[in-house]
Amino acid sequence: MSVWYWFCENLPFEMLHWRFMQNAMLAILLMAPLFGLMSTMIVTGKMSFFSDALGHSAFTGIAIGCICGVAAPTWVAVIFSVVFALLFSFVRSRSNQAADTLIGVFSSAAVALGIFIATLGGDSFTKYNKYLIGDILSVSAGEIGLLALVLLGVVIFWLLAGNRLTLTAIHPQLASSRGIPVRLSQSIFTTAIAVVVTLTIPSVGLLILNSLLVLPGAAARNVAKNLRQYHAISVVFALIACITGLCISYYLGSSAGAAISLVLALIFAISFCLRKRRA
Amino acid sequence: MSPVIHGNSCGDSCCLRVQGLSVKIGNQTILDNINLHVHCGQMVALIGPNGAGKSTFLKAILGQLDYNGVIAFSAPGQRSHKPRIGYVPQSPAFEPGDPVSVADLFICCQSRRPAFLGIPKNMRQSILECLDRVHATDLIDKRVGTLSGGELQRVLLALALEPLPNILILDEPLSGVDVEGQTGLMDMLDEIRQTYDLSILMTTHDFTMLHRYADKVVLFDHKLVCQGTPEEVLSSDDFRRVFRMRGGEVK
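Going down the list, the sequences are from chains A and B. Once you know that position 277 of the first sequence is 276 in numbering that gives the first Met the number 0, the rest is easy, because the numbers rise by one and skip nothing. Once you know that position 251 of the second sequence is 250 in numbering that gives the first Met the number 0, the rest is easy, because the numbers rise by one and skip nothing.
Careful, some of the hints might be misleading.
Claimed, not checked - Covered by chain A, according to a simulated footprint, are these stretches of chain B (three or more residues, beta-carbon under 8 Å):
no. : region
1   : 86-94
2   : 107-121
Unchecked claim - Only some residues are given here: those of chain A computed to face chain B with a beta carbon under 7 Å:
no. : residue
3   : Thr100
4   : Leu101
5   : Thr165
6   : Leu183
7   : Ala223
8   : Asn225
9   : Arg227
10  : Tyr229
Keep in mind the hints are simulated off the structure, nothing from the lab. For glycine and all other residues, C-beta sits at the position ideal for the given N, C-alpha and C.
Excised from the complex, chain B in its bound form:
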C-alpha cells in the first residue's frame, strides 16, 4: 500500500487527491487507475451499478484495505499529518428490541466510560450539542431500534461530525430513507457543508437528488468512466451505456 502523502497540486482548494488508485482482491481488479480530485467544500456523489467498486473506493480512502496509487489529503489550516475523516457506513437498521438509547450509542462510540453505568450530565450536554448539529436533540432518549431510516442517518451523521472532520464520507446514506426524509437529509448535508466548510463524498443510487445538491458526479464501473456536473454526467452516453450494460437501477 502506498503511504498517504500530504500536499496538493491544484492550490489550496484541493482537499483530496487520488492518483492512479488500483485495488485488487485476489486476482480480481476491483478498481483500476482511478484519478480524482475533491475540492474543499464540494459535495461529490459517486454513482455506478452494484459491484462497480464505489464502496471499495471509500474503504481505500479510509485506509481499510490495501491499494496501489496515491491518496493525498490537504486540510487548510490544519498542521496535523492525519486528516480527520467522518464516516457514515452503509447501515442496516438496529434491532428493534435492543435497549440502547441514542445517548448510549454516543457513549459507546466516543467514550471509555461504560454506558451501562449511566450518562453523566456533562456528557449528556455534549451529546445534545452533537445532535443539535443535525437538528435531532429530541432523539437523545429514543431507542436506536425505533428510529426511522432518516432519523438513524441523522444520528450516524451526528456521530461522524464529532470531532468535526475535514472530509465527510457517506456510503449510501439515502437507502432505506423515505422520499421526505431524503430531502431533509440532503438539505442537512448541504447546510453542514456550508456551515463547517467540509467536503462531502457520498455514494448513492438515487439520482433525483443530484441536480439539486451535488457539485460533481463521478461515474464508476471498476474504473472512473466519467466525471462532471450532474447535468453532464447524467445526460452522457457513458451513463446510459454503463447502466444499460450492467442492468443497474436508474431512479
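With the rest of the complex left out, here is chain A:
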C-alpha cells in the first residue's frame, strides 16, 4: 500500500494527494477488471436480471447480519447470497416457469424479507442507506486487499473454466453433448457472482451495482467480433468508466457509483452508434 501511496503523491494530480482518494482509486482499479470480466459472462448467459436479484438478496443478508449484531454483516450477506443463488439454480432446474418469472419471485421475496428485518421493532431504515448508494471514498485498506483477492480468484477461475462457462452460456445443448456438467458450471458461476456482488455493495451501492455488472459487457458486444475483443473491450470500458467516474465525482461532489454508471451508459450509447460498422 505504501508504494501505491508514494506513487500517488508523486503524481501531478491534486485529487490523488488525499489518502481517501488514493484508496478509492486503487479499489476502482481492482474493481474495474472484476466487473469487466464478470460482465462478459453475465450478459452472454442472459443473467443481467439475476445479478440484480442477487444484489437485493445481499442487502437482506446485510440486514440479517446487522440485526444479529454480527461485527461484519458483509460476511453474513455473502453466505446469504450464495444460498440464495444456489436455491434459485435448484428451483430453476426443477420448474417449468420462465427464468425471469422465478427471478422476480426470488428478488421480491428477498427484498421484502430485508426490509421486514431492517425495520423490525420500529427500527430506522436510514442506517442502511449507505448500502443503497454505496461509498467508494470510505473504502479501507483491508477491503482493498479483499478486492484484490477476489479479483485474483476470478481471474484464476476464468483461466481454468472460461471455455466451459462460455460454451455453457452460448449453447447449453452443445456444452452438454460435449460432456460439460452444465448445471454445475452454472451453479459455480452464480456463486461467483454472489460473492462479487456482495463484497462490492458497500463501495458501489446496491442501486447501481448491477449497471457495472451489465453495461461493460453490453457495450463491448456492440463492437466486438470475437471473445478476445469482447473481454479486452469490456475490461477497457470498465476501466475508462471507473476512472472517469471517480474524477467526476471528486470534482462535482456526486456519488462515485452513479458517475461511473453514467459514463458506462454514455459508452454504451457510443458503441451502439458504432455497431453497424462491424463485420
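Assemble chain B onto chain A, guided by the hints.
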C-alpha cells in the same frame, strides 16, 4: 443400464448392434425392444412422428440415459474399448449478438486454453484443417450468430469430426436449413462417409433426401415399426399408418 459390450455378430461389417433396447422414463415406455444393426460405412436415417423416441434412441447410444438391453460397438482396426462417436446435437441457432467467432467455438469445445486469450497460429491452423473437411474454411472468423442454418450445421459437423469418429450421429441436421443448403449438407455427409469410411446415423423429418442418400431407413414409433431401403419403408403400409395415426408431417 447394461454395460456396452464389444464385438459383432454379423462379421466385420457391423459397426453398431442394438439388441432388445428399452428405455423407460418414469412409468412411460419411450422405447420398447429395439433391435437394429448399423454396418460400417452405412448411412442410416431414423424417421418417425414427433415424440416417437428418435432422439431418445440417439441419447441411449451416446450413453446419456439409462436403458435396458445391449448396445454393442465394433470398430475395425481399433483396439480401444471405447468407440469414438461424433455427435451433432439438434441445434437452435446461436444468439446473433454473441461475440463468439467460429474459431472461438472450436477452442471452447476442444481446448483448455482460454479462448479469450486469443488463438495461437498453430491452433488456428488445426481449426482450418477441421473446417476444410466440410469446405468451410472461409467461416473461421465469422461470428457464430451470423451463420446460416446450413453453415452452422457444417461448423457443428466439423466439430464432431475432430477427432475422426467411427460413428457420426446427427439429430435433425436438416431442420432450419433451406432446400439448397440441405442438398449441400447431404452431399457433404455422403462425401465424408466415403472419405473416412464411417457410419452415419441421423434422425430426420425430411423424406425427400432419403432416396438419394440413405442406405437404410428405420421407422420408429416407440418401437421399431419397420426398416429397409428408403423405397421399401416409404412405400410401406406401416409408414402410411404411423404418420396418419400420429398426425406426423410428411414432406
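Structure-based check of each hint:
Proximity of the region 86-94 of chain B to chain A, defined as three or more residues with a beta carbon under 8 Å from a beta carbon of that chain, is established by the 7 residues found. With a cut-off of 8 Å between beta carbons, the region 107-121 of chain B has 11 residues touching chain A; three or more are needed, and the interface restraint holds. Residue-level restraint check for Thr100 (chain A) is violated (minimum Cβ-Cβ distance to chain B is 21 Å; threshold 7 Å). The beta carbon of Leu101 (chain A) comes no nearer than 21 Å to any beta carbon in chain B, farther than 7 Å, and the hint placing it at the interface is violated.
Look at Thr165 (chain A): its Cβ gets to within about 5 Å of chain B, closer than 7 Å, so that hint holds up. Hint status for Leu183 (chain A) relative to chain B: violated, with the closest Cβ pair at about 16 Å, above 7 Å. With a least beta-carbon distance of about 4 Å to chain B, the hint placing Ala223 (chain A) at the interface is held under the 7 Å criterion. A hinted interface residue such as Asn225 (chain A) counts as satisfied when its beta carbon comes closer than 7 Å to some beta carbon of chain B; here the least separation is about 4 Å, so the hint holds.
A hinted interface residue such as Arg227 (chain A) counts as satisfied when its beta carbon comes closer than 7 Å to some beta carbon of chain B; here the least separation is about 4 Å, so the hint holds. Because the smallest distance between the Cβ of Tyr229 (chain A) and any Cβ of chain B comes to about 4 Å, under 7 Å, the interface hint for this residue holds.
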